[in-house]
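**Student:** Residue numbers (this note's numbering), protein chains in the order written: chain D, 1 to 312; chain U, 1001 to 1384; chain S, 2001 to 2278.
No lab work stands behind these hints, which were simulated from the structure alone.
Stretch-level coverage of chain S by chain D, calculated; a stretch enters the list once three of its residues show a Cβ under 8 Å from a Cβ in chain D:
hint, region
1, 2013-2022
2, 2198-2208
3, 2252-2263
Take a look, some chain U residues computed to stay more than 12 Å from chain D by CB distance:
hint, residue
4, R1104
5, L1180
6, K1247
7, P1356
Sample of chain S residues at the chain U side, in silico, Cβ under 7 Å:
hint, residue
8, E2166
9, L2167
10, A2170
11, V2172
12, M2173
13, D2174
14, C2176
15, P2188
Where is the CB? At the ideal position from N, CA and C, for every residue including glycine.
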Amino acid sequence: MVKTLERPAETTSASGLARQRRRSALAFLAPMVVVLVLVAFAPLARSLWLSLTDAKIDNLSGQFVGLSNYVGEYGLFFTGDGWIDPRWATAVGNTLRFAVVSVAIETVLALAVALMLDTEFRGRSLVTAAVLVPWAVPTVVSAKLWDWMLQQQFGVVNLALAQLGYERIAFTTEYPMWSVVLVDVWKTTPFMALLILAALKMLPRDCYEAARVDGVHPVKVFLRVTLPLIRPALAVAVIFRLLDALRVFDVIYVLTGSTESTISMSGFVRDQMFENGDVGFGSAASTVLFIVIAACTLAYMKVARVRAGEGA
Amino acid sequence: MAELVFDNVSKRYGKGAEVLRDIDLSIAQGEFCVFIGPSGCGKSTMLRMIAGLEDISAGELRIGGQRVNEMAPSERGIAMVFQSYALYPHMTVYENLAFGLKVRKADRAAIDQKVRNAARALQLDGLLERLPRELSGGQRQRVAIGRAIVREPRVFLFDEPLSNLDAELRVQTRLEIARLHAGMPGTTMIYVTHDQVEAMTLADKIVLLNSGDAVQREGSVAQFGAPLDLYHHPANRFVAGFIGSPKMNFIDAELESATPHEALARAGGTAFVARVDAAGSPRGTRIALGIRPEHAVLGGVAGQPNTLAGTVAFVEQLGESTCVHVRLDGGLLFTVRERGDARNRVGETVTVRCDPADVHVFRADGRSFARTRDAAAPQALARA
Amino acid sequence: MRGHMRRFAFRVFVALVVGFALFPFGFAVFTSFLGGNALYDLRDVEASSFGIANYRALFESGQYFGQSILNSLQVAATVVGLSLLLGVTAAYALGRIAFRGRGLLLMAILAVSMFPQVAVMAGMYELMHALGLYNRTLGLVLPYMLFTLPFTVWVLTTFMRDLPRELEEAAVMDGCSPWRILVSVFLPLLWPVLVSVGLLAFVAAWNEFLFALTFVNQDAGRTVPVAISLIGGGATSRELPWGKLMAASVLVTLPLVAMVLVFQKKIVAGLTAGAIKG
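Please build the complete structure, drawing on both the sequences and the hints.
**Tutor:** Written as C-alpha cells, this is what we have:
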C-alpha cells in the first residue's frame, strides 16, 4: 500500500475531524492511565511517604519521622557505627556483584549462541527451539531444578563428581552466589541471545562476503566488523539486563532463602517489611533501590538521547 | 441538487504560509471536474478538504448549497476512491462493498441489492467472495470504485486512481471511468491527477493549480475552464506550458506594433505576426511568443515573417508522429511535431514556420493577450 | 583441514549448548518418574523404579497443587485479557492520534517498566487491603498490570503506528467512529501481534513470584510458583521430597515449553519488537 509522504501521519489542524479524534483519544487512554496510576505511581508515592514514617505492618499509619529511616542510628546510612548499615551493605554488595557477574557471563555466552544461530546449518530451527526452553521454564522451577541437580548428597552433578573420584560439593551452601549466577545465566541467556540475533540479522551481508573473499580469519571478522556494528543494540540489551538484574528477587530467594550471604536489595526490602514488619524502614530501602535504578536509567537515556514518538 | 462551491477558500498548516489560497470555484451538478497541477500544488489537499479529511482554514465550502466546513465526512454525501484503493484486507469483496452501509445500519436486504447492483455494473460478480490480496490491480481498482458507488453519493472523489496501474490497464480503466460518469448523470465527479491525458479526455472542466511563489502572487487557481479552453486560450504562460505535450515553445521578443486584431513583434532577427489583441501596449514592450509543436512545420523561406532557421539537434520517432528538436540560430531549442514518416537527420539545416493564428503572445508577467482568431473550442469566446 | 576442524568444533559447540539448555528439564522429566531408592542413587535404577507415584502424590487430598494450577490459569488468563483490552485502546490513541504530551506519556509508561517491584510493595499492600483484594487469588491481577501494561502498550503502539493511514480514512469516509475503526478494521489486522503479546503476558503472569508470595497467604489460593516453592513445607534441601518436586515442575513447565515450541516465531517476534523499539 502506498503511504503518501507529504503530510504528517495525523491531522494536527483543529477541524471537526481532528478535534473529534483528540476527544476520543482521551476516552481511549483513560482506562489504561487510571490503572497505571493505580498500580504504579500511587503505590510508589505511598511507599515514598511511608519511608518517612515509622509505619509497621499492623499499623500502617505511623508517625512522621523525617529521614531517620535513611540516615542516623536506625537508618540505612551513617548509622554511627559506619557509613552504611551492615545488612543493607551486604544486600547492596550482593546485588551489585550478582548483576555484574551474571550479565557479563550472559553477554559473552549469548554472543556465542547468537553467532551460532546466525549461521546456517541443518536443524537450526530445532536448535533455536531448544535454546528457548530455559526461557520458558518458570524462574522458581529453574531454581528448584538446579537445586536438585546440585544437591550435595543426591544431585546428579555431585554423583558425577563422585564417580570421577572428586569430592562432593555443597554448591548452594558453600558457593551460594555462584549457584545463583549459574541459574540466572541458564535462564536468561536465551533472551539475550535472541536480542543479539535480531541485531545480527539486520546487518548487511555484503561485509561478510567481502571479508570471506579477502580470506579474513572469522575471529577477526567478528572483532573488527560484527562487534562494532552491533555495539548499539548490544549496549541497549546489556543496559536493560543490568537494570533488570539490580531488581533480582526470585532466583535468590528460592535457591538460598533469606540468607545474608546472598540476599538481594529486593530481598532485603521484603524481609524488612513482611518478616520484621518494619514497613517504614523497608520502604526507605526500596526507595533507595528505585532511585539507583532511576538514576542509571536517566543517565543512560541522556547519553543515548532516546526519543520516543514526539507528539504534537 | 449537488453543486460544489469553493467560496474564497484557503488553507494553511499551523502558522505557516498558506498552501492554498483564493480559491473561488463553482462546479455544476453532474460535471466531471479534474484538479491538476505540478507536484506540491495542493490538488490532493483540495480533494481531501472536500472529503472532510483536511480542515478549511478560511472561506466556505458548500455542497448542494449547504455549508459543510464542520460536517463529518460521512455526512457530506460523498464517496472517495483512494490512490492505493484502501480496501479492507481482511474482508471479502462483498464485505468491502457492504461495509459502509452496514455501519449506517441499513437493512440487510437493501445492502445485498445495492452491493450486487454495483458488482454487476463493474463486472465483479464472480469475485464477491474473494479477498483483496487475491485480486489483480485492476480488479482492486474496481472494488474501490464499487465501494463508492454503493453509497450513492452526490459527489464522487477520485484521488489519482490510475497511477498504480500499468499503461495498458490505465487506458482501459480510463474508459471505464468515462463510461461510469456517462451512466450516472447528476453525479458530480472530482478527479485528481498529474496526468494531462486523463485530464483532457475525462474532464468537463479543469482546475489547473499553481505551485510555489505563484500561489502567493496569484492565488492557487491558475485557470478554471473546459479542457479545450485551456488549450486554445490559456490565461498565462504557466497554463500554456502545462497543457499540451510536447510542451509549447516560448520565444522572447519585443512588441513592434499592435492593433485589436494583430500584433507585430521581433524576436532576434525574425519578424512575427500574431493574431492577438495587444492594443494599448507600447512599442518595445517585452513579450514572449508561444507556438505549440503541433502548430509548427518544417519548411519555409528563411527571412520571411514567422520563419526561423536552425539545425536539427535530436529526432524522436514515435511512429504516429516525429518530434524534431531544432537548435535555432539564437541557441534556443525548438520542438516541431512532424508526421510519422518524416525523415529528418541530426545536423540537417532546416527552417521552421508557423501560422500567425497559431502564435500565442504573453506579457512579461506571464499573462496572455487575448487571441482574436477563433479556435476550434466550442466554448471559446471570440473577442472583437 | 582447518575447515574440518572448524566444522567439528562448531558441532561440538552446538551440542554443548543444546545439552546445557535441555539437560536440566530433561533430567527433571526423567527423575519425576523415579520412585524409591533409585531417586537418591542413580546407580540403583532399574526398570521397576519407574512409575507415576510422584504425580499421584501431587493430587492427593490435602495437597493444593491441582488447585494452584487452576489459580494460576485464572489469574494469567484474566491478566492477558485485561492487558490486551487496555493496551489496544491506549495504543490506538498513542499510535494514531497526535496530542500534546504524547511523547511524555510514552516515556512515563516506559519508566514504569523500570520500577523495581519492591518499590510499590508497601503502597500496593495497602491498596489491596483497601479494595478487598488481599489474600484473594484473582486480586493478583491488579498488581500484575504493573509489568504487563508497559510492554503491551509499547509493542501495540508501534504496530498501530505502522497501519496505513488511507485504510483509516476509508473507514472514516464509511462513517466509522474511532471505536468502530479499531474493532472492525485494525484489530483483525493486528491479531498476530495480539497473540505474541498475549503469550508474553501469559508467561509473565504465570511465572510471577514476589507478589504471589506476599499477597496471598492461604494455601488454597496460591499460584503455581509459590506452591512449588512450598512443596515439602520449606524443609532443608536434604529432606525435600525431590520426586514430587520434579513431578510438579514438569507439570507446570510442560505447557509452557509446548507453547514456546509451537509459537516459537511469534514469541521471538514479540520479544524482539518490544526490546528493539523499547
